[in-house]
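Enquirer: Chain by chain, the residues:
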Amino acid sequence: MTQVTLETHNKIAAITSDFKGKDIISLDQFSAEDLQTLFAVTGKMKQLVLNHESSQLLAGYMVSLLFFEPSSRTFGSFASAVKRLGGQTLDIQNPEIVTSTSKGESFEDTIRVFEAYSDVIVLRHRTSGAAKQAAKAAQFVPVINAGDGTNEHPTQTLLDLYTLYEQFGRLDSLNGLLVGDAYNSRTIHSLIRGLSLFPNNTLYLLSPVQLRLTRGDFARLSTQGVKLIEISSEKDIPRECHFWYWTRVQQERFASPDEYHSAVQNSLIVTPHLLHDYAKQDMILMDPLPRVGTIDPAVDGDERAVYLKSQIRNGLYTRMALLALILGKV
Amino acid sequence: MTQVTLETHNKIAAITSDFKGKDIISLDQFSAEDLQTLFAVTGKMKQLVLNHESSQLLAGYMVSLLFFEPSSRTFGSFASAVKRLGGQTLDIQNPEIVTSTSKGESFEDTIRVFEAYSDVIVLRHRTSGAAKQAAKAAQFVPVINAGDGTNEHPTQTLLDLYTLYEQFGRLDSLNGLLVGDAYNSRTIHSLIRGLSLFPNNTLYLLSPVQLRLTRGDFARLSTQGVKLIEISSEKDIPRECHFWYWTRVQQERFASPDEYHSAVQNSLIVTPHLLHDYAKQDMILMDPLPRVGTIDPAVDGDERAVYLKSQIRNGLYTRMALLALILGKV
Amino acid sequence: MTQVTLETHNKIAAITSDFKGKDIISLDQFSAEDLQTLFAVTGKMKQLVLNHESSQLLAGYMVSLLFFEPSSRTFGSFASAVKRLGGQTLDIQNPEIVTSTSKGESFEDTIRVFEAYSDVIVLRHRTSGAAKQAAKAAQFVPVINAGDGTNEHPTQTLLDLYTLYEQFGRLDSLNGLLVGDAYNSRTIHSLIRGLSLFPNNTLYLLSPVQLRLTRGDFARLSTQGVKLIEISSEKDIPRECHFWYWTRVQQERFASPDEYHSAVQNSLIVTPHLLHDYAKQDMILMDPLPRVGTIDPAVDGDERAVYLKSQIRNGLYTRMALLALILGKV
Chain A
0 MTQVTLETHN KIAAITSDFK GKDIISLDQF SAEDLQTLFA VTGKMKQLVL NHESSQLLAG
60 YMVSLLFFEP SSRTFGSFAS AVKRLGGQTL DIQNPEIVTS TSKGESFEDT IRVFEAYSDV
120 IVLRHRTSGA AKQAAKAAQF VPVINAGDGT NEHPTQTLLD LYTLYEQFGR LDSLNGLLVG
180 DAYNSRTIHS LIRGLSLFPN NTLYLLSPVQ LRLTRGDFAR LSTQGVKLIE ISSEKDIPRE
240 CHFWYWTRVQ QERFASPDEY HSAVQNSLIV TPHLLHDYAK QDMILMDPLP RVGTIDPAVD
300 GDERAVYLKS QIRNGLYTRM ALLALILGKV
Chain B
0 MTQVTLETHN KIAAITSDFK GKDIISLDQF SAEDLQTLFA VTGKMKQLVL NHESSQLLAG
60 YMVSLLFFEP SSRTFGSFAS AVKRLGGQTL DIQNPEIVTS TSKGESFEDT IRVFEAYSDV
120 IVLRHRTSGA AKQAAKAAQF VPVINAGDGT NEHPTQTLLD LYTLYEQFGR LDSLNGLLVG
180 DAYNSRTIHS LIRGLSLFPN NTLYLLSPVQ LRLTRGDFAR LSTQGVKLIE ISSEKDIPRE
240 CHFWYWTRVQ QERFASPDEY HSAVQNSLIV TPHLLHDYAK QDMILMDPLP RVGTIDPAVD
300 GDERAVYLKS QIRNGLYTRM ALLALILGKV
Chain C
0 MTQVTLETHN KIAAITSDFK GKDIISLDQF SAEDLQTLFA VTGKMKQLVL NHESSQLLAG
60 YMVSLLFFEP SSRTFGSFAS AVKRLGGQTL DIQNPEIVTS TSKGESFEDT IRVFEAYSDV
120 IVLRHRTSGA AKQAAKAAQF VPVINAGDGT NEHPTQTLLD LYTLYEQFGR LDSLNGLLVG
180 DAYNSRTIHS LIRGLSLFPN NTLYLLSPVQ LRLTRGDFAR LSTQGVKLIE ISSEKDIPRE
240 CHFWYWTRVQ QERFASPDEY HSAVQNSLIV TPHLLHDYAK QDMILMDPLP RVGTIDPAVD
300 GDERAVYLKS QIRNGLYTRM ALLALILGKV
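Residue numbers (this note's numbering), protein chains in the order written: chain A, 0 to 329; chain B, 0 to 329; chain C, 0 to 329.
There is no bait here: all hints are sound.
The list cannot tell twin chains apart, which means a pair is met if one copy fits it or any two copies do.
In silico PhoX-like links for lysine-lysine, alpha-carbon gap of 25 Å or less:
#1 K19 with K45
#2 K45 with K328
#3 K131 with K308
#4 K102 with K308
#5 K135 with K308
#6 K308 with K10
#7 K19 with K308
#8 K19 with K131
#9 K43 with K19
#10 K10 with K135
#11 K19 with K135
#12 K234 with K279
Derived by calculation from the structure, the hints in this document are not laboratory data.
Chain A extracted, bound-state conformation:
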């Protein structure tokens, strides 16, 4: 049994240039070099899809998609990623209803059952920490965190970082604007940590008062290598931002509808007017989606609006690359 425990430990460890067999639970596992490796493969995956090449890279491999909470984008992009590479998926959506957990089976047993049928487990779960718990339960196959509660959603941040990398050819010396629920948003927290791996980045934070970073988070994230600057009005948005990253205010985070509506009323929405007044020409406008109260559809036609174009597509390419690397196929 000692061997298995050791292996499990190694699975969740830092990647350090070796993706094969690793669990992907947290962005903290990635170094700047690991991201470079991933992005090089991602570029190849993009070409493969655009050329409609029929890849058999994952032929004979089975990926369980265990989605304990609904997520159309993440489910769709993982399913598409596996199949575009010739692999197969075992799709379980809302497995709390469908699986034996309704009969009282433990979460660990469910994970081990699907481990027996597949080569990778992709897990989406409402509970923070569920991905790590699954990675510990799975003894032989890697687990990918596709979002566990308010904790982490590393592949979202990987695609966000790739979108910046593809646009600017680098991940250092960038100025960005992060807007929305900095208090709760796992995507904002993770993006800050991802950009902290590279020198000379500055991030401006604009949130309703009640949704700002806590002083503790602000201090902690500031020490990681990125310069954080809080601003309090659209008038403070600096012209030199390379990207804007908008996030929605999530109703489920609030104790009462009143508190939610108060936060929403104080939220900034991207309009053509706002872009015209505060954005430079070669910046990009990003949103992790779903877009609810964040960006006016009138902006969609602007070529700087990448959220429904390259950003969403990069989710497919990045996940293809990650799967191929974890399975040792590139």
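Chain A is already provided as a structure; the job is to place chains B and C on it using the hints.
Expert: Only chains B and C this time, still in chain A's reference frame:
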């Protein structure tokens, strides 16, 4: 953006011998020649399935099956059609629960997300007009209407027409009997329009009084090239009909259970006796299914009963042909 | 029609060395020779999976997985089995909601619709006898019973028997301990019948008083070739058992929560202590899962505990073998 708008316009346009990249929203897009093209390919697809050939025609292609309302037959035949041709599907059933629409995402954004992950979108929706709305939202991939409310279900009519074509070698000079809910049934309306593309067809309509075509619909459809004759009793069924097409009375169309039951009580059911008395030997008996209060199972063994045999199977072959044509693979 | 009826009869008949085209409804269809055939193929399937060979044995074949009740393990292992062999699946989970049965379609019609789209139907259903009913409705493709109510779940027993066969190299001259709900458990009943095909087996039964075999079942099963011995306490467990087979007490079988809790309180749980005191070293501990109140997770690390290891994996290999045999591919 102009280019995209133009492209979108062209996508929903008449097919005029060029299926590639077209949305399939309405039967009105098809000319008699387009149907001939489709049916020639359909015949080849039938042979492919019967021979268990392992086709790779759609290898490397992904088809999103977005079913916002349940439909076992249509879902099953589209999924089977894609996979029989070596393609892959992205299956979302009941996506109103599963997807981000539950978080407030717009329908257009959901469509554009799945557009990013796939090469074709097949949409089933409760709302009339949803397919056209989706086709406008999707800028790069074709959308196939798999039934949008009471509006249209063009692939159902295509398989109905193919079933007639395969049986009689032509779609002109046919006499047919259409029974059931002529007032609401999209399949009856579409079948009339499809047969209007060919000369010398006569259709007899037999419905409970409250479920007859409106005078407006009757007049409009009569001008399209087919001869419509309403009859009021089984005794009026002419012996020379080439086909009978039975449709169920749909409870969900009625304001009250009483009105529904009154309509059902006045509905005609096919029995061996009715077939014996009014049908000729080389006719066929069709039903778009599900069969609820339309045909006595005692009829199933009759060789004229094609609804659970060639008619249902033709749904698979027709959809295989349509997908291959839209993707430019034949 | 006579021909169809005859064919249907043959489909559900005894296998007698010819799996091709047969329905798999009951363990009673299998002879000892049939099991040997199946297990020889199962061993090959295991090697294929372990070597990540990309098989195309079922290329061009479609398997409908109609799961009218949830079952993560059985669904997952059948889906994985089909896809590991290069086949495709048509997945319908909870079809009572999804399919036309919600519109009033008969069960037989639903089966015949999916028959038209696929080459095999795998059916899971809450109702005893549903699999046989489906096999009668399906005229052209085989039906596999993936569990029908309290009636049968033959592939579960096939994997259980294979697990014993793989461990001991034989299915005769074994001593086993069966624990739990002998009154209701279809897996216990079927395992007894399966082991009755081979000489010189002895099975010890240990259940709470209210969950023992009925006198009728005890007498009937005793005449089939296996020696049955009821014991009443852990102290009676003989040291020489080759295997222990634990089953949970299923709440849904009891009229009231009180009766259920009374039965559970009198149930025996496997602990490291129990294994130490009563099990020999080269025995195996089995559980059909889900594990609810049957085995202490502290036992999982014991190498005799196969339930989450070889036993669950054998479910995949056995079903691969069965599908390949039924489709005449081996």
